[in-house]
Amino acid sequence: MNKNTFMRLKLPIICFTWEIAMIILFGVFVRYNHEAGPEWLEEKKKDNNKSDIENDFYFRYPSFQDVHVMIFVGFGFLMTFLQKYGFGSVAFNFMLAAFGIQWAILMQGWFHSFEDGKILIGVENLINADFCVGSVCIAFGGVLGKVSPVQVLVMTLFQVTLFSVNEWVLLNQLHVIDAGGSMTIHTFGAYFGLTVAFILRRPKLNERNHNEGSVYHSDIFAMIGTLFLWMYWPSFNSAVSNHGDAQHRAAINTYCSLASSVLTTIAISSAVNKTGKLDMVHIQNATLAGGVAVGTAAEMMLTPYGSLIVGFICGIVSTLGYKYLSPLLTSKLGLHDTCGIHNLHGMPGIIGGIVGAVTAAAATEDVYTAPGLIAMFRFEGDWANRSPSTQGGYQAAGICVSLAFAFVGGTIVGLILKLPIWGEPADENCFEDAVYWEIPNEEEEVETSNQ
Amino acid sequence: MNKNTFMRLKLPIICFTWEIAMIILFGVFVRYNHEAGPEWLEEKKKDNNKSDIENDFYFRYPSFQDVHVMIFVGFGFLMTFLQKYGFGSVAFNFMLAAFGIQWAILMQGWFHSFEDGKILIGVENLINADFCVGSVCIAFGGVLGKVSPVQVLVMTLFQVTLFSVNEWVLLNQLHVIDAGGSMTIHTFGAYFGLTVAFILRRPKLNERNHNEGSVYHSDIFAMIGTLFLWMYWPSFNSAVSNHGDAQHRAAINTYCSLASSVLTTIAISSAVNKTGKLDMVHIQNATLAGGVAVGTAAEMMLTPYGSLIVGFICGIVSTLGYKYLSPLLTSKLGLHDTCGIHNLHGMPGIIGGIVGAVTAAAATEDVYTAPGLIAMFRFEGDWANRSPSTQGGYQAAGICVSLAFAFVGGTIVGLILKLPIWGEPADENCFEDAVYWEIPNEEEEVETSNQ
Amino acid sequence: MNKNTFMRLKLPIICFTWEIAMIILFGVFVRYNHEAGPEWLEEKKKDNNKSDIENDFYFRYPSFQDVHVMIFVGFGFLMTFLQKYGFGSVAFNFMLAAFGIQWAILMQGWFHSFEDGKILIGVENLINADFCVGSVCIAFGGVLGKVSPVQVLVMTLFQVTLFSVNEWVLLNQLHVIDAGGSMTIHTFGAYFGLTVAFILRRPKLNERNHNEGSVYHSDIFAMIGTLFLWMYWPSFNSAVSNHGDAQHRAAINTYCSLASSVLTTIAISSAVNKTGKLDMVHIQNATLAGGVAVGTAAEMMLTPYGSLIVGFICGIVSTLGYKYLSPLLTSKLGLHDTCGIHNLHGMPGIIGGIVGAVTAAAATEDVYTAPGLIAMFRFEGDWANRSPSTQGGYQAAGICVSLAFAFVGGTIVGLILKLPIWGEPADENCFEDAVYWEIPNEEEEVETSNQ
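Protein chains in written order, with this note's numbering: chain C, 11 to 461; chain G, 11 to 461; chain Y, 11 to 461.
Hints listed in this document are in silico derivations from the structure and should not be mistaken for laboratory results.
As the structure is a computational prediction, the values presented were derived from the model and not from experiment.
Be careful, since some hints might not be right.
Treat identical chains as interchangeable: a pair holds within one or across any two.
What the hints assert, rightly or not - Keeping only pairs whose Cα atoms sit at most 27 Å apart, straight-line, the calculated DSSO-like set for lysine-lysine is:
hint, residue 1, residue 2
1, LYS214, LYS342
2, LYS333, LYS284
3, LYS287, LYS333
4, LYS54, LYS342
5, LYS20, LYS284
6, LYS214, LYS428
7, LYS13, LYS214
8, LYS55, LYS333
9, LYS287, LYS128
10, LYS428, LYS60
11, LYS13, LYS428
12, LYS20, LYS333
13, LYS60, LYS20
14, LYS287, LYS20
15, LYS287, LYS214
With the hints as constraints, model all of the structure from the sequences given.
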C-alpha cells in the first residue's frame, strides 16, 4: 500500500531524455531512402521509365496503415476489457508503441538499412518498426495492470533492442523466412512477456483482485480491438512479403486461417462451459490464434485448406489454454498472465514456427516452379545451394533461438524491472487506473443514471 | 420460459462438423489462382513484362479491407444498439460471417471460378465472399435477439447457398450488372430475412419487450458501426468494378449519394417528431440508405447529381419507413424486424434495382463512347447484340428474380428454423445476452459507480 | 431557459432547401473528370499504353479512405468525451461533414477544377472536400455543446465558402505549399472557430456547467477518435502530395512527428499535475499536435529528425496550452473553447506554417536536386524564377492571410449566428443531448445495473 507510485519526476525525465536521445540519433543516422527522397526522380528515368506507381509506397502503404491500426487500436482496445483499467490499457499501449517505433527504426535500421553510415528509411521500415513494437504490445499484455508507466517504457527499450538482435540472427544469420512474425514477434514477444511477468510475480495477488474482471461495456470495447486485429491480420502477414503473388497469397492464407479459428473457438468455448454458454474472453482472444499461427508460412504455398487446418487447431489449443492452462500456471507457478498471452501468442506462435518449418521442408520445384522457389526462400548468394529440407531445419532452429532470447532476455529485463525505483503499484492498486490517472468524477455518472 | 436453450452439444457439434467439411471441400477444390500462385512470375514475363503492381491484388486489396471492416465492425457494431444484446450482436455476426465466407468461397467458386476441377481464388473471391455474407448479416438484423446461435449458423448455410444461385442467375443467365449488390445483396438479403422473421414470428413478443431498446452508451457503440459502413461504402460499391474509370466512378457516385442521404434523414427525423427532436435510430440507419440504392448503378454514368437525387429520395423513404411502416408491419402482420432491415436494405435495395434498370436503359454511346458501353455492360460474346434498353429490361427482371428467391427461400429456411430442435430463446429471454453468454458480474459495475 | 430550441420547422427546411440546391448546382456544374469517365479508355491508349493502375484512383484512394475515417470517426468520436453530449458530438459532426463535402466540391471545384463551364471531379476532389470540411470540424470543436444543429449548418455553409477563398488565395495567388493544411485547415479552422466562439460567448456559462466534463466511459470513446486521427494522419498529410517520393516522404515525416508528440505530451501531463498523474484530456488531444504541425512541411525535405523536433515542441506547447492557457482565456476573455482547439489546432497550426516557411526558405538544389526543387515548389510558369527564400516569405504571408480570413470571417459569421432565430440552447442546457435528441429511457439502464 505504501509503495511510491509518484510519477511526477520519473516519467517526465525518462520521456524527455529518451525523446531527446531519439532526436540526436535520428539526426546523426536517419535519412530518406531512394524511394522517399528526390533521387526517385532520377531513378525512375534510369530504370526503363518506371511509373510513379512502382514506388514501394504504393505496394505497401495500405498494408502499413492496417498494421498501424492493429498496433494502436487493435492491441490498445483488446486490453480495455478490464473494468477499471481502460485508460491504462489504451494509453500506455499508445505510449509504448510511440516510443518503441522510434527506437525500432534505429535498431532495425542499423541491422538492415545501413548504408554509408546512414539508415535509409522508407515505408517498409515503418512497417517493420510497427512489427517490432507489436512484440512489446504482446508482452505488455502479460504484465497489464501490474506495472507502472515507467516500467513499461524501460521494458520497451530493452525489448525492442533484444527483438532486433533476435530478428537479425533469424533473418540474416539463419536466413529464415518469417514475414508474419510467428517466431520473431509472437513467440519471442509472448515468452519474453511471460518471463518478465514471472520474475515480477506477486504471490498475494493470487487471491483474486476484485478489479481483475470485465464489465458488460468493457467487454464490448475489447471487441473493437479484437475485430480490428482480426480483420487486418491479412495485411499484417502480407505487409513485407515480396511484391506480387507472395503478398497476394499471404493475405489469402491468413484470411482462411482466421475464419477457421472463429468456428473452433466458439465450439470449444461452449463445450467447456457447464451450461454451454459462451465466454467473451475466448471470443476476444482465441479467434485470433489462426492469424498468429500462419505468420511464418503465410506467404508459402500453404494452400487454403492448409490454412484452414492451422486455424482449426489453434482455435482449439488457444481456447483450452484460456480455460485450463492459465489457471494452472497461476496456481502452480504463480505466473499471472493478465491477457492470456501464452494462449494467444505463445502456443500459437510456436505452432506457427513449426508449420513454417514443415511447409518449408516440404517445398518442391513442382509446386513453386524453380524461380518461384528461389524467390520464396531467397536461395541466392551464400544460400544458393540450400535445399528446402535444410531450410526447414533452420526454420526450426529459429523457434529455439527466439525462445532462448525470450527466456534469457526476459529474465534480465525482469530483474531490472524488479528494482524498487520504478514506481510499481501495490497489490491492491493493480488493475486500477486511479493510481496513475486523474479519474473523472464518477458522481456525475450516477447523477446521469438517476435522471 | 421452459425452452431448451442448452447449446453445449448442438453448437460445438455443428461448428466442428461444418468446419471439418470446409477443410475437406477446400482440400478437394480450392487452390490459388494465377495471380496468387507462382505462375505469376511466368505470366509477368509473357505479358509484355508487366509490373508486379498490375497484380489484381493492388487494384482491389485496399477496397477488400474496407469491405471486410464493413462486414465485421460495420454490421457487428450497428446491431449493438440493444441494451442487453451487445455480445450477441457483435459476436454472432462475427461467427456467421467467419463461417459464411468459407462456404461462400466454395459456392461462388463453383459457379464463377471453376477451372479444371478446381476453384482458383484470388483477392476478388475474398471480396465476393464478404459480399455474400453481407446479405446474411442483413437478414440477421431481422431476427436479431430472437434466435439461437445454432439457428444463425443454419440460416447462414442455406442463405449463402441461395445467394450464390440467385447471383449466378442474375449475373450469368440474365447478364445483369450489379457490382454493389442492390439486388443480389440488399434486396435478396432483406426480404429473405423478413420472410424468415415472419415465419418465426412470436405473437406475444409484440407487447413490447422491455429489453428491446437502447441505452445511451449502446447508441454510441452503434454509431461506430454506422460510420464505418457509411465511410467505406464507396469501397463496397466499387470493389469488384472494372479496373480504371469504372472503379473510380463507383466510388464518387457512392460518396455523393451517401452525403445526400444524411441531410434528408435528419430533415425527416426532426419533421416527424412532435417536438422536432432527432432520433438516433434514424441517424444510425437511414443515413446509409443512399449507399444501398446506388449499389447497382454506381459504376454506370449515373452522374454525381443523379447520385445525390438517389440519396435524397432514399433518406426520406428509409426514415419514414422507420417511423411509420415498421410499427405497422408489426401490428398488422406480426412481422417484427429488429433492426428495421426493410427500411434500410429492403426498400432502398428495390429502388437501387430500379435506378440501375433505368440508368442502363438510358445508356447511349454518346455518353459512354462505343467501347465504353461494351466494357460497362459486357456486351460481348452471346450478349454482343443486346441493346441498352433490353439490358434495362433484364435489370428489372433481376429485381423480381431476387425477390422470388428471397420469398421462396426464406419460407423454406424459416420453416426449417422453426423446428423445435435449434434451441431458440423463450419470448421473455429475447434480446438478452444472458441466455447464451456468461455475463460479467454486474455488481462490480455498481460498485464502481458508487465510489 | 425559455429559449426556443424547437427544431421541427427550421432544421427540416434548411436541410431540404440546401440539399435541393446542391442537386441543382451539381446538375448544372459537376461531371466526372477524364480519369473517372469513359474518356479514360481513350487516354490510356494514347498515353503510351498506360496501365489502369496509373489512374489517379490507385494513387490516392487508400489515403482518401483514411482521411474520410479521420473526418467522420476521428473528429466525431474525439468529441464524445462529454458525458451527456455523445449523440450531438458524433451526429452533428456527421451532419456538418455530409453537407460540407457537397458544398466544398462546388466551391473548390469552381476555383480549381473548372473547365468549359463544368467542374470535373475525381478522387482528389473528394479528398480536398474532406480537407475543407476538416476545418469546419475543428471550428465545431470550439462551439461544441453550445449551438443548435441549425447554427452548425449555417456555420458550415459560410466556413466552407471562406475556406475555399482563403485556399485559393494561398495556393493560386501566393503560390504557397500546404499539402497537409497547417495553414488552410488548422490555423484557419481553429481561429475561425475561436472567433465565432468568442462572439457567441455566454458569460454565465463560466460558472462551470456540471455537464461539461467526461465520465470514465466517454473518455474511452474519445480515444477511438484520437487513435484514428493519430494513425491515419500520415495519410492526411500525404493524400494530395505529388505522386512518388513526395507522398512517400510526407507519410514518413508525419509518422515521426506524431510519435514524438506522444512522449512529450505524457511528460508534460505528468509534470504539471501535483501528484504526477496523467490527464486523459492531454492524451486525447496534445498527442495529435505533431500531425498538425508538419502539415505544411511534410512533403518537403524536413528530414526525419526535423519531424521529431517539430513533434517534440508541439506536444509540449499543446499540453501546456490545455493546462494553463485555456483556463486563462476563459477567465480573462470569456472565450470558452470546448475542445481546446486553440491548443490542438491553433498554436500547432501556426507553428506548422512557420516550420513550412523556414523549410522552404532553406531549400537548396543540393538537397532536392534541381528538378526535385522545381517539382516540390512548383517553380514553373509564372513562378519559374521564384527562389526558395522568396517562397519562404510567401509561405509566411500565407499564415497571416489565413489568420486574417479567420478573424474577419469568424466575426461576420459569429454575428450572423448570434441572431436569435437559430434555436440556440439556453445556458443550462448546454452540453446536453436532451435538448435536440430523443434520449433512450435511462431507467432501463439502472435496472440493468441492479440485476
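Right, here's what the structure says about each hint:
| no. | hint | result |
| --- | --- | --- |
| 1 | LYS214 <-> LYS342 | within (14 Å within a copy, 52 Å between copies) |
| 2 | LYS333 <-> LYS284 | within (12 Å within a copy, 43 Å between copies) |
| 3 | LYS287 <-> LYS333 | within (13 Å within a copy, 36 Å between copies) |
| 4 | LYS54 <-> LYS342 | neither (62 Å within a copy, 58 Å between copies) |
| 5 | LYS20 <-> LYS284 | between (48 Å within a copy, 14 Å between copies) |
| 6 | LYS214 <-> LYS428 | within (16 Å within a copy, 52 Å between copies) |
| 7 | LYS13 <-> LYS214 | within (15 Å within a copy, 44 Å between copies) |
| 8 | LYS55 <-> LYS333 | neither (60 Å within a copy, 52 Å between copies) |
| 9 | LYS287 <-> LYS128 | neither (57 Å within a copy, 39 Å between copies) |
| 10 | LYS428 <-> LYS60 | neither (55 Å within a copy, 57 Å between copies) |
| 11 | LYS13 <-> LYS428 | within (13 Å within a copy, 55 Å between copies) |
| 12 | LYS20 <-> LYS333 | between (39 Å within a copy, 20 Å between copies) |
| 13 | LYS60 <-> LYS20 | neither (52 Å within a copy, 56 Å between copies) |
| 14 | LYS287 <-> LYS20 | between (46 Å within a copy, 12 Å between copies) |
| 15 | LYS287 <-> LYS214 | between (31 Å within a copy, 26 Å between copies) |
Violated hints, in rising order: 4, 8, 9, 10 and 13; the structure is consistent with all others.
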